[in-house]
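Respectively, the protein sequence lines represent chains A and B.
Okay, so the first sequence: first residue is 98 according to my numbering, each after it adds one.
Okay, so the second sequence: first residue is 98 according to my numbering, each after it adds one.
Since the hints were made in silico from the structure, they are not lab data.
All of these numbers come straight from a predicted model, not from anything done at the bench.
Just to be clear, a hint being listed does not mean it is correct.
Which copy is meant is left open, because identical chains are indistinguishable; a pair holds if it fits in one copy or across any two.
Here are the computed lysine to aspartate or glutamate pairs in the DMTMM-like style, where the Cα-Cα straight-line distance is at most 20 Å [to be verified]: (1) Lys157 with Glu489; (2) Lys119 with Asp475; (3) Lys129 with Glu469; (4) Lys157 with Glu485; (5) Lys245 with Asp475; (6) Lys400 with Glu218; (7) Lys168 with Asp340; (8) Lys157 with Glu221; (9) Lys119 with Glu351; (10) Lys138 with Asp412; (11) Lys138 with Glu481; (12) Lys138 with Asp433; (13) Lys155 with Glu485; (14) Lys409 with Glu272; (15) Lys365 with Asp471; (16) Lys170 with Glu320; (17) Lys168 with Glu489; (18) Lys119 with Glu218; (19) Lys157 with Glu169; (20) Lys138 with Asp475.
Number of protein chains: 2
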Amino acid sequence: MEEECKPIINTGLRGVTIASTKISDVNGQLGKLVYRGYLVKDLAENTTFEEAAHLLLKEKLPNASQLAGFKEKLVAERDIPASLVAALKTRPNESLPMDILQAGTAMLANHDPEINVQTREATENMALRLISKTPAILAAWERIRNGKDPVPPNKELSHAANFLYMMTGEIPNDEIIRFFDACLILHAEHSFNASTFAAREVASTRAHIYAAVAAAVGSLSGELHGGANTRVMNMLLEIGSPDRVEQYLNDELEAGRKIMGLGHAVYKVDDPRALILAPMSKRMGEMAGQPQWYEMSRELELKAKEAFKTRKNMDIFVNVDFYSASLYYSMGIPVDLFTPVFAISRVAGWTAHVLEEQFAEAAPKPMLYRPESDYIGDYCGPEECVLEPIYERKP
Amino acid sequence: MEEECKPIINTGLRGVTIASTKISDVNGQLGKLVYRGYLVKDLAENTTFEEAAHLLLKEKLPNASQLAGFKEKLVAERDIPASLVAALKTRPNESLPMDILQAGTAMLANHDPEINVQTREATENMALRLISKTPAILAAWERIRNGKDPVPPNKELSHAANFLYMMTGEIPNDEIIRFFDACLILHAEHSFNASTFAAREVASTRAHIYAAVAAAVGSLSGELHGGANTRVMNMLLEIGSPDRVEQYLNDELEAGRKIMGLGHAVYKVDDPRALILAPMSKRMGEMAGQPQWYEMSRELELKAKEAFKTRKNMDIFVNVDFYSASLYYSMGIPVDLFTPVFAISRVAGWTAHVLEEQFAEAAPKPMLYRPESDYIGDYCGPEECVLEPIYERKP
Numbered sequence: 098m099e100e101e102c103k104p105i106i107n108t109g110l111r112g113v114t115i116a117s118t119k120i121s122d123v124n125g126q127l128g129k130l131v132y133r134g135y136l137v138k139d140l141a142e143n144t145t146f147e148e149a150a151h152l153l154l155k156e157k158l159p160n161a162s163q164l165a166g167f168k169e170k171l172v173a174e175r176d177i178p179a180s181l182v183a184a185l186k187t188r189p190n191e192s193l194p195m196d197i198l199q200a201g202t203a204m205l206a207n208h209d210p211e212i213n214v215q216t217r218e219a220t221e222n223m224a225l226r227l228i229s230k231t232p233a234i235l236a237a238w239e240r241i242r243n244g245k246d247p248v249p250p251n252k253e254l255s256h257a258a259n260f261l262y263m264m265t266g267e268i269p270n271d272e273i274i275r276f277f278d279a280c281l282i283l284h285a286e287h288s289f290n291a292s293t294f295a296a297r298e299v300a301s302t303r304a305h306i307y308a309a310v311a312a313a314v315g316s317l318s319g320e321l322h323g324g325a326n327t328r329v330m331n332m333l334l335e336i337g338s339p340d341r342v343e344q345y346l347n348d349e350l351e352a353g354r355k356i357m358g359l360g361h362a363v364y365k366v367d368d369p370r371a372l373i374l375a376p377m378s379k380r381m382g383e384m385a386g387q388p389q390w391y392e393m394s395r396e397l398e399l400k401a402k403e404a405f406k407t408r409k410n411m412d413i414f415v416n417v418d419f420y421s422a423s424l425y426y427s428m429g430i431p432v433d434l435f436t437p438v439f440a441i442s443r444v445a446g447w448t449a450h451v452l453e454e455q456f457a458e459a460a461p462k463p464m465l466y467r468p469e470s471d472y473i474g475d476y477c478g479p480e481e482c483v484l485e486p487i488y489e490r491k492p
Numbered sequence: 098m099e100e101e102c103k104p105i106i107n108t109g110l111r112g113v114t115i116a117s118t119k120i121s122d123v124n125g126q127l128g129k130l131v132y133r134g135y136l137v138k139d140l141a142e143n144t145t146f147e148e149a150a151h152l153l154l155k156e157k158l159p160n161a162s163q164l165a166g167f168k169e170k171l172v173a174e175r176d177i178p179a180s181l182v183a184a185l186k187t188r189p190n191e192s193l194p195m196d197i198l199q200a201g202t203a204m205l206a207n208h209d210p211e212i213n214v215q216t217r218e219a220t221e222n223m224a225l226r227l228i229s230k231t232p233a234i235l236a237a238w239e240r241i242r243n244g245k246d247p248v249p250p251n252k253e254l255s256h257a258a259n260f261l262y263m264m265t266g267e268i269p270n271d272e273i274i275r276f277f278d279a280c281l282i283l284h285a286e287h288s289f290n291a292s293t294f295a296a297r298e299v300a301s302t303r304a305h306i307y308a309a310v311a312a313a314v315g316s317l318s319g320e321l322h323g324g325a326n327t328r329v330m331n332m333l334l335e336i337g338s339p340d341r342v343e344q345y346l347n348d349e350l351e352a353g354r355k356i357m358g359l360g361h362a363v364y365k366v367d368d369p370r371a372l373i374l375a376p377m378s379k380r381m382g383e384m385a386g387q388p389q390w391y392e393m394s395r396e397l398e399l400k401a402k403e404a405f406k407t408r409k410n411m412d413i414f415v416n417v418d419f420y421s422a423s424l425y426y427s428m429g430i431p432v433d434l435f436t437p438v439f440a441i442s443r444v445a446g447w448t449a450h451v452l453e454e455q456f457a458e459a460a461p462k463p464m465l466y467r468p469e470s471d472y473i474g475d476y477c478g479p480e481e482c483v484l485e486p487i488y489e490r491k492p
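So here's chain A without its partners, still in its complex pose (with noise of 0.2 Å):
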């Protein structure tokens, strides 16, 4: 493939191809997204969240009995260790969850009976403990956090509904299982996004792949990443109503503010997981008795594509953290919990991206990344400073 000569430096490498992939294909320019070469609209509504990561990990969609025994597996770990439990009964009740998230990927390695061992085979398993554990530490946590016990998994439930199940307590009803279910298989994967490429670049030195996804955690957290679901909720809650909303976005935009929600590294145009999640969005508030957050984000999608075409002549596009956010809401979700439930879903992207980029057999293999820098500081004159005796520095 022929590469472009761009100026890359200080870009964030954003536009700039720096690796090859099996796993998933983002088309910007049409609205498309790939897992494996199946749509993931077509996935989320005609699959469930094992299958999708049946698919990212093991290369395939499952049949019937390869899918049995890919749930039996991850069944198998869905419990933490009593001792994870312990540690997480140590954190102050106001901690980040992200922060308690990460603690806990990494804590995870320590029960790991195969974390010395670094072959495929054993990568894959770990990768499915992850899978299933993650969320088991994150409505650990929040029944913790809120001075109750963990509620130990339901072996009868589906991945989706075990986890809501763990948090609540009790069994959500169908639509809603459907619903969260088709939202871990629209955020589970999106190629080289910055927690991805953070887990790639942790496995690539070859560190273990819970090292790897705790690092991807760490940068998921982040607002500019998966922290916009949450920043987008905000801000559901301060406009309060529809019709508030366009003196909201007016104000905004005269402050130049960024509108959360709006807007993509990657996407042209709507974001192909954003046209899924608005009518699920709209039929859950409906169901929660609560139908404003939805009215909200869309007469906020459709004034502030007006107000961006008037104002900067621009086309402007939602993107997957714009409608996740009243759809969680009206789900009951708690608002600091949405990057979390986020990350338990693209933990099956982020351990498929850990086994590509360790044990791909394409050639050429992934190598460490070790990029440059351009040095722009200081030297003293042209060579290197002379180090001043302590008592004869200047202030």
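Dock chain B against the given chain A, drawing on the hints supplied.
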């Protein structure tokens, strides 16, 4: 600056300049490493870790009163909360120390009063806390896993001496302190190495500094990065005595295996840090009555250089991990703590890079790292794959 156009797919960004920095400069051709203009050799021989950390974080060497103020702040942050010690006590004794350090770094965020403040000042305060508290976590863990109580910090001691004291409960002699201090300086910073790049990548999402440093710890743990010093020592232990070096070298080269501690992504001459570490390793080995580790290292260096020249007609050079291994071993540091000890030094560089990534005044401002990938996976014909119902899928 003119960028050469290079193929950068699947090459780990090796040799590709992606950002500007004022923190350090690595001249791989001349074997020079400077921190903000000062040769690392001068710093290691004439300053303390505290002065080097001040240089990295605050962009200049401190004068006497600035250093006093900086040290006072660091000393005040040396303790870790009792509930964090309680969390460490829940961890299995056989946990990998780098995993403990990654989890511990993430948990430190739970206790930081400024965790939600996104200013340079708050982030610099957090950087100081990280520099002071990560050694405390490591020392506490070494005690706990051996069934001992953590040792409270000693305010009278330097940063280097206090770590050794908290780990062993004994104040080491002055020469050991001076050597260890020099090691902390030498390992503190090295531009866009893999772990620093991970820290910057996470920080570029506007995640907080703990999340970024925890990612860096994960990256450093890999055997192709910080994990190499442990592997050098295991190699020396396997060799066992200087007279077995030649046989070992021949066997490894015949088998096509890599010799640990030789070669570097950037240096094309001996690593300037190795040249400082070697005589310290020699002296420390003599003091400890274990001269064989240095002798083996030296013999291996000479014989390997000869063998690479003869067999492959290439020059090979020692890197930073080559002599730090025998040095740390003679100091009595447990082999599996070599990489964590690297981390408690490099945290100064990581935090300086996070500050630069998030608050540099230079234009263009750093952007979220979000590269692109080239999809080489499946499509089913020219279009997306058709999703078959699960019972129609082939095995």
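* Broken hints, by number -> 5, 6, 7, 9, 10, 12, 14 and 16
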